[in-house]
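Protein sequence lines, in the order shown, are assigned to chains H and U. Position in the first sequence (first residue = 1) + 353 = my numbering. Position in the second sequence (first residue = 1) + 20 = my numbering.
I should point out that these hints are in silico values taken from the structure, not numbers from a laboratory. Accuracy of the hints is not assured; some may be wrong.
[Stated by the list, open to error] Computed Cβ-Cβ distance ranges for the label pairs, DEER-style: (1) U/Asn50 with H/Ser715: 39 to 47 Å; (2) U/Ala42 with H/Lys508: 20 to 28 Å; (3) U/Ala42 with H/Gly612: 47 to 55 Å; (4) H/Pro452 with U/Ala42: 19 to 27 Å; (5) U/Gln45 with H/Pro791: 26 to 34 Å; (6) H/Val529 with U/Ser40: 19 to 27 Å; (7) H/Asn579 with U/Gln45: 21 to 29 Å; (8) U/Tyr44 with H/Phe750: 33 to 41 Å; (9) H/Asn579 with U/Ser40: 50 to 58 Å; (10) H/Ser462 with U/Tyr44: 17 to 25 Å; (11) H/Glu718 with U/Ser40: 19 to 27 Å; (12) H/Val758 with U/Ala42: 14 to 22 Å; (13) H/Leu747 with U/Tyr44: 46 to 54 Å.
These numbers come from a predicted model, not from an experiment. C-beta atoms are modelled at their ideal positions from N, C-alpha and C, and glycine is treated no differently.
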Amino acid sequence: MKKLLTMPRSLFTLPTTARRSGVALALLLAPALAWAQATPTPNRLDGSGPPTNNTARPANPSNHGETEVNILMSYYEQDGSHGAVEGGVGTQFLTDVTPTIILNIPLDSASRLSANLGMDHYASASTDRIDQVLSTPSSNDQRYHADFGYSRALKGKQTIIGVGAGFSAEYDYTSVNVSASWAHASADGNRELSLAGQVYFDQATLIRPTELRRDIQKNGDPDAGNNTRQSYNLNIVYSQVLSQRLQMAISTELVTQQGLLSTPFHRVYFRETGGALGQAQTEALPRARYKYPIGLRLTYYTTDLVQLRGFYRFYNDDFGITAHTFEIEAPVKVTPFFVLYPFYRYHTQTASKYFAPYLEHSITEKYYSSDYDLSAFSANKVGLGLRYSPVYGLARFKTPFKGRVAKFKSLDLRYAYYRQSTGLVAGLASIDLSFTMP
Amino acid sequence: MALLGLMTLATGGSLSSCVSVAAYQKMYLNDEDMKLANKRIETYETNFESYREGAGGANGGKVGGGCGCN
Numbered sequence: 354m355k356k357l358l359t360m361p362r363s364l365f366t367l368p369t370t371a372r373r374s375g376v377a378l379a380l381l382l383a384p385a386l387a388w389a390q391a392t393p394t395p396n397r398l399d400g401s402g403p404p405t406n407n408t409a410r411p412a413n414p415s416n417h418g419e420t421e422v423n424i425l426m427s428y429y430e431q432d433g434s435h436g437a438v439e440g441g442v443g444t445q446f447l448t449d450v451t452p453t454i455i456l457n458i459p460l461d462s463a464s465r466l467s468a469n470l471g472m473d474h475y476a477s478a479s480t481d482r483i484d485q486v487l488s489t490p491s492s493n494d495q496r497y498h499a500d501f502g503y504s505r506a507l508k509g510k511q512t513i514i515g516v517g518a519g520f521s522a523e524y525d526y527t528s529v530n531v532s533a534s535w536a537h538a539s540a541d542g543n544r545e546l547s548l549a550g551q552v553y554f555d556q557a558t559l560i561r562p563t564e565l566r567r568d569i570q571k572n573g574d575p576d577a578g579n580n581t582r583q584s585y586n587l588n589i590v591y592s593q594v595l596s597q598r599l600q601m602a603i604s605t606e607l608v609t610q611q612g613l614l615s616t617p618f619h620r621v622y623f624r625e626t627g628g629a630l631g632q633a634q635t636e637a638l639p640r641a642r643y644k645y646p647i648g649l650r651l652t653y654y655t656t657d658l659v660q661l662r663g664f665y666r667f668y669n670d671d672f673g674i675t676a677h678t679f680e681i682e683a684p685v686k687v688t689p690f691f692v693l694y695p696f697y698r699y700h701t702q703t704a705s706k707y708f709a710p711y712l713e714h715s716i717t718e719k720y721y722s723s724d725y726d727l728s729a730f731s732a733n734k735v736g737l738g739l740r741y742s743p744v745y746g747l748a749r750f751k752t753p754f755k756g757r758v759a760k761f762k763s764l765d766l767r768y769a770y771y772r773q774s775t776g777l778v779a780g781l782a783s784i785d786l787s788f789t790m791p
Numbered sequence: 021m022a023l024l025g026l027m028t029l030a031t032g033g034s035l036s037s038c039v040s041v042a043a044y045q046k047m048y049l050n051d052e053d054m055k056l057a058n059k060r061i062e063t064y065e066t067n068f069e070s071y072r073e074g075a076g077g078a079n080g081g082k083v084g085g086g087c088g089c090n
């Protein structure tokens, strides 16, 4: 990682031939590198990871030096009939409510602190089937997470470095992560390369289906209590202005995971033993996995009324999954401050070599899973968002912090409908309230 | 793989033909909707997709660690 962090700035100042060679080399190396997100958000989208603000773009004069506070909330609901807890034939009904607060605090003209705090409250009919008693304790849970980041622009402000750390906790799963990032923009702001690395240390309490617990205790399974997982992520993003109206970013993210990769309360039923109670085994998957996604993002300013945002991702891993994902979004500026943005996403993937449906695995196999997340399917997502961000904000109000006046800057609403060819359907409504405070 | 190759070729071609755009010419590129990243509000969608699909990553969402997901 340190070697990558010290990549010379000269990539952007080489002669044309050498620069093209460098770009070609970067493209060739892209799958072997991975994970820096040239995102203007303070953290990765899931809240973890280091801040990676992009210096190539000018600071927003409306909030320069101001503390930014975002309050986000979503409601998610899904239903299907391939729940992995019951061996690929049970309910998949689940709801999830996720309040989140994101803080972005400038410490001075060069450095920033960020924090991402939130929780998930989920209710799952599927996990309620871990035992044979439908009850409140196993039907819902909370996951809490907190992530913090620090970033600093180095001299000239073309380079930003950042570090971060965070944790999350739920009933049977805790996780700690640390991260570091580096981003460098060319002098003219037309190119940027960013790198980031992140390591997760996770610990899971092994909760198995009730009918299988007695056998495991009798046999003295060494994994009966707790188990761990480590994930090492490396991300690289190269962004490039192509014209006055078109720009692109190519990104890749190498991931290696070690440790517990199966879910101990997922049942698998075998064709030799049938589907009677007590005949299942818990899911078994290898203890290492390597993922190789590569993405291309394009944005095009078609007209003052409509812009186009596109994304394509190719994904491959050593579980045998190959996937293609396409996304398109067309923001329509109804007025300069009111934007409607319809979007569409298509995803298709092959099945993992360890997946088979209910009663189709053989007891002789070493690894087995009936989790339909690992099955072959296609999925469509369609939705609509709206953003209202008047130049002077929606409202102003006094805060308890020395009476300072905060501005309710913008409102973002979004709804997405998702359907898989497995029969799973889901809907998600989200809201983002953005505030600034001097 | 063919698609990946095509994408790489297309990107390479674009890079070799890109022009230098001065700061004062970036009024379109600096538009809020031209950002080369997901919107903050998309957080939850990228998260649930990473849970419900065997594939993930390279888009700023979860890709491994921190949850019992794939």
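Here is what the structure says about each hint:
| no. | hint | in the structure |
| --- | --- | --- |
| 1 | U/Asn50 with H/Ser715: 39 to 47 Å | violated, 58 Å |
| 2 | U/Ala42 with H/Lys508: 20 to 28 Å | holds, 23 Å |
| 3 | U/Ala42 with H/Gly612: 47 to 55 Å | holds, 50 Å |
| 4 | H/Pro452 with U/Ala42: 19 to 27 Å | violated, 43 Å |
| 5 | U/Gln45 with H/Pro791: 26 to 34 Å | holds, 32 Å |
| 6 | H/Val529 with U/Ser40: 19 to 27 Å | violated, 44 Å |
| 7 | H/Asn579 with U/Gln45: 21 to 29 Å | violated, 58 Å |
| 8 | U/Tyr44 with H/Phe750: 33 to 41 Å | holds, 37 Å |
| 9 | H/Asn579 with U/Ser40: 50 to 58 Å | holds, 56 Å |
| 10 | H/Ser462 with U/Tyr44: 17 to 25 Å | holds, 23 Å |
| 11 | H/Glu718 with U/Ser40: 19 to 27 Å | violated, 57 Å |
| 12 | H/Val758 with U/Ala42: 14 to 22 Å | violated, 37 Å |
| 13 | H/Leu747 with U/Tyr44: 46 to 54 Å | violated, 31 Å |
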